[in-house]
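Student: Residue numbers (my numbering), protein chains in the order written: chain A, 619 to 1086; chain B, -17 to 476.
Among the hints, a few may not be true.
To be verified - Simulated coverage check for chain B against chain A, where a stretch passes if three residues somewhere in it have a Cβ under 8 Å from a Cβ of chain A:
no., region
1, 257 to 267
2, 365 to 374
As the list claims (entries may be wrong) - Subject to a maximum C-alpha distance of 20 Å in a straight line, what follows is the list of computed EDC-like cross-link-like pairs (lysine to aspartate or glutamate):
no., chain 1, residue 1, chain 2, residue 2
3, B, K413, B, E423
4, B, K288, B, D348
5, A, K1043, B, E96
6, A, K1043, B, D149
7, B, K18, B, E339
8, A, K905, B, D149
9, A, K773, A, E747
10, A, K765, A, D906
11, A, K656, A, D906
Simulated from the structure, these hints should not be mistaken for laboratory data. Backbone N, C-alpha and C fix where the C-beta goes; we use that ideal spot for every residue, glycine too.
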Amino acid sequence: MRGFIMTILPELYMLFFSIVFLFLSVGKRKADMFTWAKVLSLVGLVITLVSINGRGNLFYGAYRVDLFSQVFKAVFIYGFVFVIFMLGRKNEIEEGYLAEYFMFLGFSTLGLMMLVSSVELISIAISLEISSYSLYVIVPLRKGQTKIQLEAAMKYLFFGAISSGIMIYGMSYLYGMTQSTFLSRIIFVLPKFLDQPIGILAIILTLAGFFFKLSLFPFHFWAPDIYEGASNTTTTFIATVPKVAAAALLIRIVTMASSADPAFVSILIVLAALSMTFGNIVGLVQKDIKRLLGYSGIAHAGYLIMGILAMSRDGNAAAIYYMVVYLFMNLGVFYVVLLLSKSGENISLNDLSGLARRAPLLAFTLAVSAFSLAGIPPTGGFTGKLFLFTSAFKAGHLTIVIIGAVNTVISIFYYLNLVRMSYSKEAVTTEPISLSIHEKALCYVLIFLVLYLGVMPFGLMQLFRMAV
Amino acid sequence: MSDYLIMNPLNFPILSTAIFVPLVGALILLMVRNDKVVKGIAFTTGITNFLISLLLYVYFDPSTHLFQFGEFARWIPTYNINYILGIDGITIFLILLTTILAPMCVLCSWTAIESRVKEFMFCILIMESAMVGVFCALDFILFYIFWEAMLIPMYLLIAVWGGPNKDYASIKFFIYTLFGSVFLLVAIIAIYLATGSFNIPNAMFKDYSFNFQFWVFLAFAIAFAIKVPMFPFHTWLPAAHTEAPTAGSVFLASVLLKMGTYGFLRFCLPVTPKASLFFAPYMLVLSVIAIIYGGFICLSQTDMKKLIAYSSVAHMGFATLGIFSLTLFGLQGALLQMLNHGVTTGALFLCVGIVYERTHSREIYDNAGLGKIMPIYVGFFGLFSISSFAFPGTNNFVGELYILIGTFAHHKVVGFFAVVGAVLAAAYMLKLLKQIIWGREDKRPIKDMNIREIAYLIPLAVLVLWMGLFPAPFVHTIEKTITHLTSQMQVFFP
């Protein structure tokens, strides 16, 4: 029993975290939620890191705790802690809903943690829904009720529900063919069906749920609208942590098709190419930074697929590495957006003008993150892309490598625009933006992480190779 | 430890030091508030690094073609990426050129840059780090990281401290260069998959299939041709040069353009010799077009900086002409021409910067007739101008002579057109010089150069004459490497 609890300690802790806030939300006395959340999330970080060596098969083999899942849990909790720490200013969420907000963030992270440990179709579906439903609830929680976040919430719910439906439909095919819901069994039986259309169809449909989370073309429609409509913090979370989880599950499921015929890989190549090209080209004309990042996310989903379609250990490790880098570089840009937005409003490109004068540190954080998103050395974005390109090339998919390279050039236009606005445009208002000590510290941490991931990838890369 | 690298004879890692001293200097700058102190630290860092790199010249062994002062450390073992540094005859002078120009760039910005001095000096030092790194790196990924890392500070130099049209110029520069670089990256990955490592010397002189060489050469050539810049990829250059602050123009003209020709010498010829031979005629034609076209455009310029920028297109055309003549003389001349162009054009941009600080105009007319007002200045300017059109006794003469000898050996027609281009150079430079010295009669309250300005032009003037009158030490140092390169390439030629 004790061993059982120790293996799933991170999940239990996240449950505890959410329940604490459930009680705080019904209590009369409004405690200082921010401090509570920060302290509790840090404890969660420690617990997750400590239990990184946990191993075990639980619930009759439906739930597997291994290095792969534990590494991802650590990445989620990092993202979670960062998002909680970024939510320092009281301008994002109605204060009355703050406790609920933290509760649902906690539940969502819990769902993602369960997701990466699930190795059985029904557990996967349930974990995914735990995570998604929490997010459906927090999208409309934005200070100053307008229609835009309600619209975003509805869209998110509908698109989410439809893609979940498609996913479960695909799972039913998998079950129908293999007579099992356990991935270990499916992997064993499925190859027989992979040369038939139904096998490919089943896997692609099953992947739809994760393509949705990842906002991969053609499941990307929600991303820009939800990014724009949800509060800045919520967007920060939605744009980062769930995508990492989606990448994890993609890797798990695609390994089932490792002996797949070229048709499956071709479908992935086409999706990746369309996704990055579409995301980058539409990104060019965006004015709202969050919308811009929405399209950038679509493009990055395409890059990520490059690692997965290589169907190799290196490719998967590269994909995980890229997701980790993606997490931190996105956090960097979003943090600048959060700090720039005085009353929780959206930030447009023009609001950036003169940023280098008003807040040099913010401008620098933005520049490092944007260059990383574009994939310029010595940032993590470059190193991640290098690994992705190399593994895709190694698997013989030169076409997608060239498409990826061309896309890098297209995307530089709008990433550079972020830097250009903040460095070479004169400010409309010149009042400096004052940052508190811990806001500055967080900026430095993000800059450091993005550069560190660029220059010193070996330790993590080794870990990921062991994990996949 | 390996067959291509002679380990460092000194008891400290000199190449790493040369790369990271400016970086450390830049980081120190971040903690300083006073602008004067910032400039002082930046200058000291530059000079220190120059002295360190002088050690390279002192201990350089010209009797071998191997890479010297080698350093090796494992970096990303999973992908066989290593931290390998080493220099040979091709790079030694390019590094010296970089390190001597860096303190000059600090000096020439002493009063010209008034806002955000700290950030400016930070960018200059980071640039220096990356540029030295590019020339030292013997691992493709390391090379690529330095190569791209230059982009960001250079972009900022133009975008923040540039002229009125800086927005357009900086974006154009960035996107053009990045466009070339991504294909370079794809080519690098292709070579990695063919050889199993990112090691540059290991990739040289392997018998790859012609098809492989063909595509790798094309990917390389796009990246390097944009950087050189060769016709028709040159359009970013006038915009970037014109809008950049003086220090930025100097770095661009003197070092960044050399990276393109360096790339041809270091990667295209040794890695893809067959394809180089195949493409050589096309490259020769493009070079000649650049020489003639650059010359004609220069004739019609009224903006001093633009004129010098276009003259760079023509001069670099000579360098690529030398490289793709694929002869010993041509290659030596190309390398000399790279150095000469770095010294001369860098000096000319510094000169333009000096008058710009006084008249706040780059128009030739506004700066005309300085002969009586600024005699010292005109002396220097005259020297650099005549060196620019390869007047005998100046450095460019030696380089162009070598190149023309190399070219005439096999391609008489091409050589003929190149000579026409050389005459054009004399025409536009003399026209400029005439305007600057005698163009106007009226007296204007302009002061002549001060000690600081003379101080940073003198070393360049000395180099111009030294390399022109006594080029033996330079030729001697690069000879072995180039001879080895040509002899190795002969193996692959039918």
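Student: Does each hint fit the structure? Answer for all of them.
Tutor: For each hint, the structure was consulted:
{"no.": "1", "hint": "257 to 267", "verdict": "violated (count 0)"}
{"no.": "2", "hint": "365 to 374", "verdict": "violated (count 0)"}
{"no.": "3", "hint": "B/K413 / B/E423", "verdict": "holds, 17 Å"}
{"no.": "4", "hint": "B/K288 / B/D348", "verdict": "holds, 15 Å"}
{"no.": "5", "hint": "A/K1043 / B/E96", "verdict": "holds, 18 Å"}
{"no.": "6", "hint": "A/K1043 / B/D149", "verdict": "holds, 8 Å"}
{"no.": "7", "hint": "B/K18 / B/E339", "verdict": "holds, 19 Å"}
{"no.": "8", "hint": "A/K905 / B/D149", "verdict": "holds, 18 Å"}
{"no.": "9", "hint": "A/K773 / A/E747", "verdict": "holds, 16 Å"}
{"no.": "10", "hint": "A/K765 / A/D906", "verdict": "holds, 17 Å"}
{"no.": "11", "hint": "A/K656 / A/D906", "verdict": "violated, 29 Å"}
Going through the hint list in order, the structure does not satisfy hints 1, 2, 11.
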